[in-house]
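**Q** Listed below, chain by chain, are the residues.
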Amino acid sequence: MTGGPVVPALDWGDVFSFDDYGALLQLVANSVIAGAVLGIVGGLIGVFIMQRDMAFAVHGVSELSFAGAAAALLFGGSVVVGSLAGAVAAAALIGVLGSRARDRNSIVGVLMPFGLGLGILFLSLYEGRSANRFSLLTGQIVSVSSPDLGWLIGISLVVLVGLILVWNPLRFDSLDGQAAAARGVPTRFVSLVFMLLLGLIVAVAVHIIGALLVMALLVTPAAAAMRVSHGPVAVPLLAALFGFASAVGGILLAIAGTLPVSPYITTISFLIYVVCRVIAWRRERALRVAAEAAPAAQVPASPAP
Amino acid sequence: MSAPVLEISGAALRLRGRELWSGLDLSVKPGEFVAVLGPSGSGKTTLLRSILGLQELSAGDIRVGGSPVRRGDRRIGYIPQQRPLPPGTSLRARDLVSLGIQGPRFGLPVPRRGDRERVDALLAGVGATAYADRPVGLLSGGEQQRLRVAQALADQPTLLLCDEPLSSLDLANQQAVTAIIDRERHERDAAVLFVTHDVNPILGHVDRILYIAGGRFTLGRPDEVLRSDVLTDLYGAPVHVLRAGGRLVVVGVPDADDHCDVPLTAIETEAGAA
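From first to last, the protein sequence lines stand for chains A and B.
With this note's numbering, the residue at position 118 of the first sequence is 282, and numbering never jumps.
With this note's numbering, the residue at position 253 of the second sequence is 255, and numbering never jumps.
Bound-form chain B, shown alone (with noise of 0.2 Å):
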């Protein structure tokens, strides 16, 4: 058994007078995959940002490799949501990537000696070479989602956060991202906490899933966690968990409108009308 590349242990987080969720233990190893489900409001992304010592904890501590959190930890690596940059922007492809390596230093703006063949390293393990001197405003969403993947693979991190990073992408470009990082992880033994609100396109490379809701969670194997009943006593209200097609849907969730992402949407709606 290795040692644990983070662990959190009794967390809690209040915002602006309200409780994201407490007594948050979590212990994440080398390799492997843990998805953070739950609907937005429920401390997902404040859970990421807590790891990156941009969020004070109100209680517990979170280590990471051992020592505690602090803010440009080389050794994680975050990858955001994709927001599509606008056709101006003035960057390429590789100067994206660069960001990742030369943006956290102060003093003259000069590359090092091997910046250059390290994007380059970068760019070939995305599959982004073809369009590493392009523009990225005038790159699809799922190229600027590679690039950024790329970006936060610059110092190799021995865990990499996720924040959202397959949302708006069509599924090929989903399947290419999550093919990447679950790459990163198998190769290099990269732990992975993957926030997301669509647990189907990473259904396959998931080892424990911890869902947040309403300020409770549960943590556990995908097939422990994602049941009618387990989530009904988690919401409090009766929620199903369905498979249609390969897919995993859950129905019923308290305050649909925050949480259901698109296909969940038209799912309920043809259920509705059957």
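Pulled out of the complex, with its shape left as it was, chain A reads as follows (with noise of 0.2 Å):
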């Protein structure tokens, strides 16, 4: 890597710094838009991706969306509609040949390495500003443009309106597929929307948080909110409360030093799937005792050996 200015010392200053905040935050209230929304849309899809059982295929159409991103860079192309179409091509390709758990993770186990290696292959050759190539990686919002900034939160809205409208039979084929099929519920054309959707997401999170990092905004929050609550309702509002808060969270923090964006997001979602994690154990740990204080009275009946 070429030497780019060293630091000598971590300064506090450059982790936080009020200073001037109100003026940062003015430029860069689009960034907070874009992230808000992104939060609360990967919160909710990420509900689905845990019940589908898809942490992995996420990475994948990640690396996919780089790739298309840096070709994009490369031959001077929109980079959003790069990552775009790198990341509907990866999700569809695994939507149409990985019905199957198995499957689907041999696809994008071979899928994943070839997206990075193209993507890096295409910044390797570029000759452009070198913050770019890094950031497709990592993540840097502050420095996307405002009609890229516009575009990616109206592809976060119609990804919401579309989740919102197949809500139901894509929930009813990722908890039981077998019955919705039998039900009537279209599963192949469910399955394949769902993929679209999550491709149009993931693309957008490529440029909020980078293409290695998606998974703290579109499985994180999700899989935290899992371990708190059950309910059908309860369940999408946490986690898209949770993408909220990281994604918000992290870029108000960021702006006020000078590190990048990314690494506050992901550690506020970690914090928080940690929390919830730790909620959940106290929560069976009361229960235990409790059913020990009482002992034979409620234990449900064991199913046959």
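Be a bit skeptical, because a hint or two may be false.
What the hints assert, rightly or not - Pair ranges (Cβ atoms, derived):
id: 1; chain 1: A; residue 1: S309; chain 2: B; residue 2: V112; range: 36 to 44 Å
id: 2; chain 1: B; residue 1: A126; chain 2: A; residue 2: R264; range: 32 to 40 Å
id: 3; chain 1: A; residue 1: G241; chain 2: B; residue 2: R18; range: 42 to 50 Å
id: 4; chain 1: A; residue 1: T431; chain 2: B; residue 2: A132; range: 37 to 45 Å
id: 5; chain 1: B; residue 1: R136; chain 2: A; residue 2: R264; range: 29 to 37 Å
id: 6; chain 1: A; residue 1: A450; chain 2: B; residue 2: S4; range: 33 to 41 Å
id: 7; chain 1: B; residue 1: D157; chain 2: A; residue 2: S270; range: 37 to 45 Å
Said to hold, decoys possible - To give an idea of the chain B side of the interface with chain A (calculated C-beta under 8 Å), a few residues:
id: 8; residue: L54
id: 9; residue: L56
id: 10; residue: Q57
id: 11; residue: Y80
id: 12; residue: S92
id: 13; residue: L93
id: 14; residue: G102
id: 15; residue: G105
id: 16; residue: P106
id: 17; residue: Q153
As the list claims (entries may be wrong) - Output of the computed footprint for chain A on chain B, the stretches with three or more beta carbons under 8 Å from beta carbons of chain A:
id: 18; stretch: 82-91
id: 19; stretch: 108-116
These aren't lab readings, by the way, just hints derived from the structure by calculation.
Each residue gets a CB set at the ideal place from its N, CA and C atoms; glycine is no exception.
Join these two chains into a complex; the hints should help.
**A** In structure tokens, the structure reads:
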């Protein structure tokens, strides 16, 4: 790597500095809005990603999205269009070829290094500003141009509307595909719509938090929500809230210092997950203690051996 | 005589170049309980999938309530095999049941008026009110299976398709689930098509048996079908139907590895040792 300025030691002023915060906030207002929308939509779609056991597929889609964006950078196209093309192509491929979990994992495993390799190739051939290179992998929302930000917000809203329209059948298919098919849910159509929406939102996330870190907004919030709740309304609401808090909180903290946005987002989202796990653990322990205090009162019948 | 709920005529099915069955005729009246028996791979589940409109026949046709099969027919309820839901599943008991009502609806995911009452009634019908708000992952196999039955009954189906609904349940739960299904046909005249590899838990309720094996089939009352000479003829190999302690056991089925359930194997081993 060519040498940038070497930072001698980390000063707390790099992490937080609230001088001129108001002026900075105005500059990044659109970024905050984009982060907020992505956080909410990412949390919602994350519930289905978890239910369909597709966290690994998300990672694969994001690497191809990165390759698409890098290609656009090299050939002078729109980076947003490039990342969209890569993500949707990958999602469609995974959706068509990998209807079963095992097939899907092997397809993702094959696609992911290929996409990452292509992306690295395009980046190394690219001779423009070097800051752009790294930002696709690790994200830098504040460097995205205003028209592009508008696109990112628009795409997120499209995903939100699409998700709401297929919500019930998608939920049925994700939780019990066999019963859903028997009840007449067009399971294949619903799965492909889901993959399309997933591709779109992953492309947005690549710009905001980076291809390597999309899971922090698409998987972690939903995983955390599922630890503390089981309700069909409570889980998506909590996941959206967690995603929103991670994305907006991360951006607001990051603009106060000189460090990139992504570590703030990933850290907040991780901390929320840890807190949720601790809450779930304490709750289970309380239940166990209560069960031991009242022996054999409420023991459910065990299934056949 | 009321019109048949299910009419299968001249049905044949080829799957991956292999003929599962052909020339299948079956007519099921309202309130009739028909068991479908046969070794694994004989096409029992595929028959159910054909009736659900998920699998196309290679010949013949199937009519449900007088009209050709189509996907998502509200007059059909489907009870799948019990597969344990993982402990972390983010779903309460009542949510699993309400999937049967709200699951197929596209559009705004807002419950409609009366949905909650319907779910409560379905839960009460299968005796699941006590654990209605508990996460399904923490429920026993029997409790989960009652919820699946409740889900299948959501639209008061006139035809109930059951695909091994009792497997991996203990005896008490087998009886409980069978009783719910049986009550449904007595009270609302629903016809039942019940795929199973062990006929014993439902023997007291069955009107007729469709026994499929090796591409051939036999249809008749239990005492007409479950006989050594009939099954020997069907399999083309010596097969014995034994009665032991009120249970009925089929012994000597070719490629028994595919077929035998646990009690059957146990009895065969005992017989071999004796």
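**Q** Give a verdict on every hint.
**A** How the hints compare with the structure:
no., hint, in the structure
1, A:S309 - B:V112: 36 to 44 Å, "holds, 38 Å"
2, B:A126 - A:R264: 32 to 40 Å, "holds, 37 Å"
3, A:G241 - B:R18: 42 to 50 Å, "holds, 45 Å"
4, A:T431 - B:A132: 37 to 45 Å, "holds, 43 Å"
5, B:R136 - A:R264: 29 to 37 Å, "holds, 30 Å"
6, A:A450 - B:S4: 33 to 41 Å, "violated, 56 Å"
7, B:D157 - A:S270: 37 to 45 Å, "holds, 39 Å"
8, L54, "holds, 5 Å"
9, L56, "holds, 6 Å"
10, Q57, "violated, 11 Å"
11, Y80, "holds, 4 Å"
12, S92, "holds, 5 Å"
13, L93, "holds, 6 Å"
14, G102, "holds, 7 Å"
15, G105, "holds, 3 Å"
16, P106, "holds, 5 Å"
17, Q153, "holds, 7 Å"
18, 82-91, "holds (count 4)"
19, 108-116, "holds (count 4)"
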